[in-house]
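S.K.: Sequence:
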Amino acid sequence: MKKEKFKRVRVLCREDSLRDVLAVLLSGNFKSEVPAAKNEAALDFRRVEGDDPYEKPIKRLSSVAKYAGWKYTLPEKKQDLPQDFDSKTEEIYNKYKKFKRDKQLLLEQREECEEGKKRIRLFSGLPVDIQALTECEFVKARFGHMPKDCLKRLLEIHKDDPYIEFFKSYESETDCWGIYLVPRSDFERVDSVFASMLFEPINIPSASGEAEKVEEQIDKNIEILNRQILEAEALEEYYFKLHFEFCNSLYHTLVNESEKFEILKSGLLNNNSYILCGLLPLSTKDETEQRLKEIDGAFYTESETVKIKVS
Numbered sequence: 000m001k002k003e004k005f006k007r008v009r010v011l012c013r014e015d016s017l018r019d020v021l022a023v024l025l026s027g028n029f030k031s032e033v034p035a036a037k038n039e040a041a042l043d044f045r046r047v048e049g050d051d052p053y054e055k056p057i058k059r060l061s062s063v064a065k066y067a068g069w070k071y072t073l074p075e076k077k078q079d080l081p082q083d084f085d086s087k088t089e090e091i092y093n094k095y096k097k098f099k100r101d102k103q104l105l106l107e108q109r110e111e112c113e114e115g116k117k118r119i120r121l122f123s124g125l126p127v128d129i130q131a132l133t134e135c136e137f138v139k140a141r142f143g144h145m146p147k148d149c150l151k152r153l154l155e156i157h158k159d160d161p162y163i164e165f166f167k168s169y170e171s172e173t174d175c176w177g178i179y180l181v182p183r184s185d186f187e188r189v190d191s192v193f194a195s196m197l198f199e200p201i202n203i204p205s206a207s208g209e210a211e212k213v214e215e216q217i218d219k220n221i222e223i224l225n226r227q228i229l230e231a232e233a234l235e236e237y238y239f240k241l242h243f244e245f246c247n248s249l250y251h252t253l254v255n256e257s258e259k260f261e262i263l264k265s266g267l268l269n270n271n272s273y274i275l276c277g278l279l280p281l282s283t284k285d286e287t288e289q290r291l292k293e294i295d296g297a298f299y300t301e302s303e304t305v306k307i308k309v310s
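Position one of the sequence shown corresponds to residue 0 (numbering that gives the first Met the number 0), numbered consecutively onward.
No lab work stands behind these hints: they were computed from the structure. Careful, some of the hints might be misleading.
[To be verified] So the derived label-pair ranges between C-beta atoms look like this: (1) 202 - 238: 36 to 46 Å; (2) 110 - 209: 46 to 56 Å; (3) 14 - 302: 21 to 31 Å; (4) 236 - 26: 29 to 39 Å; (5) 302 - 240: 20 to 30 Å; (6) 215 - 155: 37 to 47 Å; (7) 243 - 83: 15 to 25 Å; (8) 232 - 171: 36 to 46 Å.
Every residue, glycine too, gets a C-beta built ideally from N, C-alpha and C.
Kindly produce the complete structure, drawing on both the sequences and the hints.
M.R.: Right, dumping it as structure tokens:
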């Protein structure tokens, strides 16, 4: 942080010259200050009120840029703010949200398929039709896993119970994966027995055929989703490439208008006259003062010099 010298200034202008005055002050790195309104109150000056109308569209375009991977750069030529800037911004923002939502849905579907593939692979050792088993009218099937020591204890304790049986499909050092079957009339009792032995059920994809066949179907679904994701990304890329120049120009114009509004909001208003108070760097003061004097209806005064820390 270093200290820089500023001149405290005050500009009085009419409404018809306000935009020109704000543009000159902004180019001179003017820093607005809220004036002590003691004297102005006697002349019926009041604070300028209202929210920044440019804040929301600026945030909208920033969100679009972040998603599209844009970095806004100063355009070679300044553009006037279009009258329909708000609706234009909303149109582009809504398009970005739809792109994001549609792509996210595809990514979630692919992730779900990939997780389903991992789960179904754990039951590839079972020579049964997955769909036929899960849709069986009188028998309930539970796919899942449990600790090896719990399975051993379960089978020892309930060795005389014909409904307590576990068909293993895969095992690690600590756990076993597989399935147990039970008549629907008795599934609550059997479920509670397995749950007491730390059995954790696993939801698996619904598809016909044995586990290997189901995995093949999932692979086909993933292939389709990958293709759809690529198509969605290509459409996004085309749209954003088409609209970058417009968004870049509009963003900088909005930022410029927002900065002018901040200067204006720190000022005072009486009918169609404005008082703008603030600080001008000594390095730009003379040029700014000269440019203000060239504006019809603008009056410039200055007072003390102050030192302020700047980054």
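S.K.: It remains to establish, for every hint, whether it holds in the given structure.
M.R.: Quick rundown of the hints versus the structure:
1. 202 - 238: 36 to 46 Å: holds (37 Å)
2. 110 - 209: 46 to 56 Å: violated (24 Å)
3. 14 - 302: 21 to 31 Å: holds (25 Å)
4. 236 - 26: 29 to 39 Å: Holds - the Cβ-Cβ distance for residue 236 and residue 26, about 36 Å, lies within 29 to 39 Å.
5. 302 - 240: 20 to 30 Å: violated (52 Å)
6. 215 - 155: 37 to 47 Å: holds (39 Å)
7. 243 - 83: 15 to 25 Å: For residue 83 against residue 243, whose Cβ atoms are near 19 Å apart, the range 15 to 25 Å holds.
8. 232 - 171: 36 to 46 Å: At roughly 38 Å between Cβ atoms, residue 171 and residue 232 fall inside 36 to 46 Å, so the hint holds.
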